[in-house]
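Protein chains: 2
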Amino acid sequence: MSKPKTAITPTREENYPEWYQGVLKAADLAEHSPVRGCMVIKPWGYAIWENIQRVLDGKFKETGHQNAYFPLFIPLSYLEKESQHVEGFAKECAVVTHHRLEKNKEGRLVPAGELEEPLIVRPTSEMIIGHTFAKWVESYRDLPILINQWANIVRWEMRTRMFLRTTEFLWQEGHTAHASKEEAEIETKQMLQIYSDFCHHYLAMPVICGEKTPSERFPGAVSTYCIEAMMQDRKALQAGTSHFLGQNFSKSCGIQFRNMDGNQEFAWTTSWGSTTRLIGGLIMTHSDDDGLVLPPRVASSHIVLIPILHSEEAKSKVMGYCESLAASLRKIHYDGQPIRVVVDARDLRGGEKSWSWIKKGIPLRLEIGPREVDSEQLNLLRRDKAHRDGTPLSRSQLETQIGTILDEMQHHLLDKATRYRNKHMVEIDSQKEFAEFFTAKGEEIHGGFALCHWNEDPAIEAKVKEEFNVTIRCIPLDLPAKEGRCIFTGERSPRRVIFAKAY
Amino acid sequence: MSKPKTAITPTREENYPEWYQGVLKAADLAEHSPVRGCMVIKPWGYAIWENIQRVLDGKFKETGHQNAYFPLFIPLSYLEKESQHVEGFAKECAVVTHHRLEKNKEGRLVPAGELEEPLIVRPTSEMIIGHTFAKWVESYRDLPILINQWANIVRWEMRTRMFLRTTEFLWQEGHTAHASKEEAEIETKQMLQIYSDFCHHYLAMPVICGEKTPSERFPGAVSTYCIEAMMQDRKALQAGTSHFLGQNFSKSCGIQFRNMDGNQEFAWTTSWGSTTRLIGGLIMTHSDDDGLVLPPRVASSHIVLIPILHSEEAKSKVMGYCESLAASLRKIHYDGQPIRVVVDARDLRGGEKSWSWIKKGIPLRLEIGPREVDSEQLNLLRRDKAHRDGTPLSRSQLETQIGTILDEMQHHLLDKATRYRNKHMVEIDSQKEFAEFFTAKGEEIHGGFALCHWNEDPAIEAKVKEEFNVTIRCIPLDLPAKEGRCIFTGERSPRRVIFAKAY
Numbered sequence: 001m002s003k004p005k006t007a008i009t010p011t012r013e014e015n016y017p018e019w020y021q022g023v024l025k026a027a028d029l030a031e032h033s034p035v036r037g038c039m040v041i042k043p044w045g046y047a048i049w050e051n052i053q054r055v056l057d058g059k060f061k062e063t064g065h066q067n068a069y070f071p072l073f074i075p076l077s078y079l080e081k082e083s084q085h086v087e088g089f090a091k092e093c094a095v096v097t098h099h100r101l102e103k104n105k106e107g108r109l110v111p112a113g114e115l116e117e118p119l120i121v122r123p124t125s126e127m128i129i130g131h132t133f134a135k136w137v138e139s140y141r142d143l144p145i146l147i148n149q150w151a152n153i154v155r156w157e158m159r160t161r162m163f164l165r166t167t168e169f170l171w172q173e174g175h176t177a178h179a180s181k182e183e184a185e186i187e188t189k190q191m192l193q194i195y196s197d198f199c200h201h202y203l204a205m206p207v208i209c210g211e212k213t214p215s216e217r218f219p220g221a222v223s224t225y226c227i228e229a230m231m232q233d234r235k236a237l238q239a240g241t242s243h244f245l246g247q248n249f250s251k252s253c254g255i256q257f258r259n260m261d262g263n264q265e266f267a268w269t270t271s272w273g274s275t276t277r278l279i280g281g282l283i284m285t286h287s288d289d290d291g292l293v294l295p296p297r298v299a300s301s302h303i304v305l306i307p308i309l310h311s312e313e314a315k316s317k318v319m320g321y322c323e324s325l326a327a328s329l330r331k332i333h334y335d336g337q338p339i340r341v342v343v344d345a346r347d348l349r350g351g352e353k354s355w356s357w358i359k360k361g362i363p364l365r366l367e368i369g370p371r372e373v374d375s376e377q378l379n380l381l382r383r384d385k386a387h388r389d390g391t392p393l394s395r396s397q398l399e400t401q402i403g404t405i406l407d408e409m410q411h412h413l414l415d416k417a418t419r420y421r422n423k424h425m426v427e428i429d430s431q432k433e434f435a436e437f438f439t440a441k442g443e444e445i446h447g448g449f450a451l452c453h454w455n456e457d458p459a460i461e462a463k464v465k466e467e468f469n470v471t472i473r474c475i476p477l478d479l480p481a482k483e484g485r486c487i488f489t490g491e492r493s494p495r496r497v498i499f500a501k502a503y
Numbered sequence: 001m002s003k004p005k006t007a008i009t010p011t012r013e014e015n016y017p018e019w020y021q022g023v024l025k026a027a028d029l030a031e032h033s034p035v036r037g038c039m040v041i042k043p044w045g046y047a048i049w050e051n052i053q054r055v056l057d058g059k060f061k062e063t064g065h066q067n068a069y070f071p072l073f074i075p076l077s078y079l080e081k082e083s084q085h086v087e088g089f090a091k092e093c094a095v096v097t098h099h100r101l102e103k104n105k106e107g108r109l110v111p112a113g114e115l116e117e118p119l120i121v122r123p124t125s126e127m128i129i130g131h132t133f134a135k136w137v138e139s140y141r142d143l144p145i146l147i148n149q150w151a152n153i154v155r156w157e158m159r160t161r162m163f164l165r166t167t168e169f170l171w172q173e174g175h176t177a178h179a180s181k182e183e184a185e186i187e188t189k190q191m192l193q194i195y196s197d198f199c200h201h202y203l204a205m206p207v208i209c210g211e212k213t214p215s216e217r218f219p220g221a222v223s224t225y226c227i228e229a230m231m232q233d234r235k236a237l238q239a240g241t242s243h244f245l246g247q248n249f250s251k252s253c254g255i256q257f258r259n260m261d262g263n264q265e266f267a268w269t270t271s272w273g274s275t276t277r278l279i280g281g282l283i284m285t286h287s288d289d290d291g292l293v294l295p296p297r298v299a300s301s302h303i304v305l306i307p308i309l310h311s312e313e314a315k316s317k318v319m320g321y322c323e324s325l326a327a328s329l330r331k332i333h334y335d336g337q338p339i340r341v342v343v344d345a346r347d348l349r350g351g352e353k354s355w356s357w358i359k360k361g362i363p364l365r366l367e368i369g370p371r372e373v374d375s376e377q378l379n380l381l382r383r384d385k386a387h388r389d390g391t392p393l394s395r396s397q398l399e400t401q402i403g404t405i406l407d408e409m410q411h412h413l414l415d416k417a418t419r420y421r422n423k424h425m426v427e428i429d430s431q432k433e434f435a436e437f438f439t440a441k442g443e444e445i446h447g448g449f450a451l452c453h454w455n456e457d458p459a460i461e462a463k464v465k466e467e468f469n470v471t472i473r474c475i476p477l478d479l480p481a482k483e484g485r486c487i488f489t490g491e492r493s494p495r496r497v498i499f500a501k502a503y
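Chain order of the listed sequences is A and B. Using the numbering used here, the first residue of the first sequence is number 1, and each one after it goes up by one. Using the numbering used here, the first residue of the second sequence is number 1, and each one after it goes up by one.
Don't take every hint at face value.
Because identical chains share one entry, a pair is satisfied inside a single copy or across any pair of copies.
Calculated pairs, DSBU-like style, for lysine-lysine (alpha carbon to alpha carbon, straight line, at most 35 Å) [claimed, not checked]: (1) LYS331 - LYS189; (2) LYS317 - LYS432; (3) LYS103 - LYS463; (4) LYS251 - LYS25.
Hints were generated in silico from the structure; no laboratory data involved. Because the structure is a prediction, the values reported are computed rather than measured.
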């Protein structure tokens, strides 16, 4: 039997990394740029980011955060103030050393105007924001400070993959300062919860909330919390982090306040971030061998109307109908936003157009020819169902039900992803089983999340990483802490942690 | 007679540049950062930018543009492809030369990992976007391409002033490619018109649309159009530009397409931008000697409720009333957005709180004490009227009329600014008059826009700049071209142009 033809080759089973690149390309989401490790985010991909921004920004504001903007550059001496922090980022910093170009003797333009102090293109903004907070805070009355920034970030990564790990990426970074440890800890967890809710309800991507082990902490943090999602190759993707920074950064930046008793204290700070990597997570959670599948709530567009024109006479009738339908749909709101409609008037065959939208992952498609116009009977195609498996409905039914249909698809995607994740998240209680789980047996896709007991020894963690390329993704927050025996040493373990291969 | 005390000292008349800094500080809009020439945009200032973004973004999308994102870095060799372009920016480029930090022998961190090719932090993105467009375009069917990017930009300026000229600034840059010269020219003018409409209707800042003289063109452009506003020191502020790039950039970037006849042609491109400088323009157009005045449509917040608490007993009653009033107001829409309300619950004297909001320029203020709560009679204070000159109205009147009141203030600010601009825009027909107009006669604030005939000779333009520090701001588009005699040479002049001192 010949295997069914898919729009994306290779398929997930055949070669997952190449499939991912194929999906990106077929969906027109992004492309490589001439700058090493930097991508161009194309309109269809950027629209997803705009939706992510809109929703997250709303959630940040609802919880009292305000947006601000801090410089792109950080003077080297500022970055150095927190020793663990600078050590964590030193190997991947883009450094600005000159402030103009000049012609040399051969007439070639070369850097000139050397700076007295090199500037680092921000790999994260704790040091520059911390320095600024120090000026904003005098008394306990000035706290808390709850700030968020939408910005671009540069980390000079050696191996890059579009959306998952790029030299420059877009993100938001929250930075807060509090008068008490407890309040800062509550903030850290609150923001983790916001990320988790967002991934579930908007990206339809189930995540596990957990704490990182000390070796995986953010450089300079007291504790790092994260959300971890499982991709369809069963690898983990860290989709957001929230850091409790204790007083480490307030001490290195001098964020002090006069407390209610009139004494000087250092503030307690947090930081938390999520990036364009979320788009990579969304792609790898839902897409199939025919390309991208977009969860409706963050989809670049919700529905495409594809005029099918076999004759010149039909053209104005069909196009007129499509434009009028598009206009009615745009008046309907879904998730607080007008329905996003595309009318594909390109001069291409209907089948070619349909396939291009399947690959772009648009949730709903309608092919509209003279017959549909005359009968007012439409055939609604959903990206999460078989491509020819339409639902017949009238125009007025479509207009009344489109919100419900989109929500149905949204929930269906979350359910499907959750089932997949749960199926491949298993308790493993022996080293042998562990080794088998994480070793390919002729299969490209294998493994998953292994819930194992571990003796909390970083040396064991390092050994497992070395041997299997498997890391502890997190200590899950929502599992009851049940004691057991470390599968590597037999020593006491306070609870199971999640081991997985990771992006 | 002693002069009335003002919240900002010095006043505009006393020292305009210092007054500007004073307004920024008192309104908590922005502050200097430890990075030379870079500012921190604080929440009250950033909120204005968010409003500007929201409105402009909507206008760009309505006219068919899509957002995308391109790399922060431009390889030097790309920047060099357009010779005029690189010459225009070479003197103000931040150059990345290394990609990590390493400890030297003395244990100090120094730049390491030298790049084979230096990267320029984008001073504008024509070259990187042009290169990308070249890959996107094959046939006339792929045109037009209508792209916008919201991004940060770095130009190493020697003298900086917050919002007006900073080393890093935020902006949007539109980049489009078209199949015909005419279409690109229409696009260039359309975007100029969008900027002009936005300035009038949202910033309440009247602007003059015009074309730049060749010496003031964007490096590489065929023609540069601009909008010019008059500040309260009568200097001109260039508030946005739109460039017709002809085929210059498509030739250097290789943006070619197969036309309907099957022949290869170079595309016609445009670019257009507006920046956080708009905030500087807004500040200098409306603010007075008591601080910032915000036009309602882009105001960070619309109204502040200031609880006046003389006793502990009154507190819960007054606070409850304020919270309930705030909740009702937030349900009302103004200009398509929920009314933005602040409740100032700080533990400060009422007068101190009121003054802080006057300085922050919030359009409306309500001081609410037990008497107001009991009588349900409020006293609405408007930032564009005398500070104690309130309008009595009931809560329900406020709720019904707030939109109208905000619009009244919006129009009042535009009218006032337009009257000021018109008063100081004069036709000048002799060199003597011109010299007097632009020379201070013991007055800090003098001059304005001089509409003069000019013989179109760049040498004369340069001489005037040298002698008076006055430049041709633009050749106005909306004035009838009426011939005359150049005031500097007596030679023929096709039309009057606008001379002014400028930011």
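| request: Would you list, in rising numerical order, the hints stated earlier that this structure does not obey? | output: Structure breaks hint 2 only.
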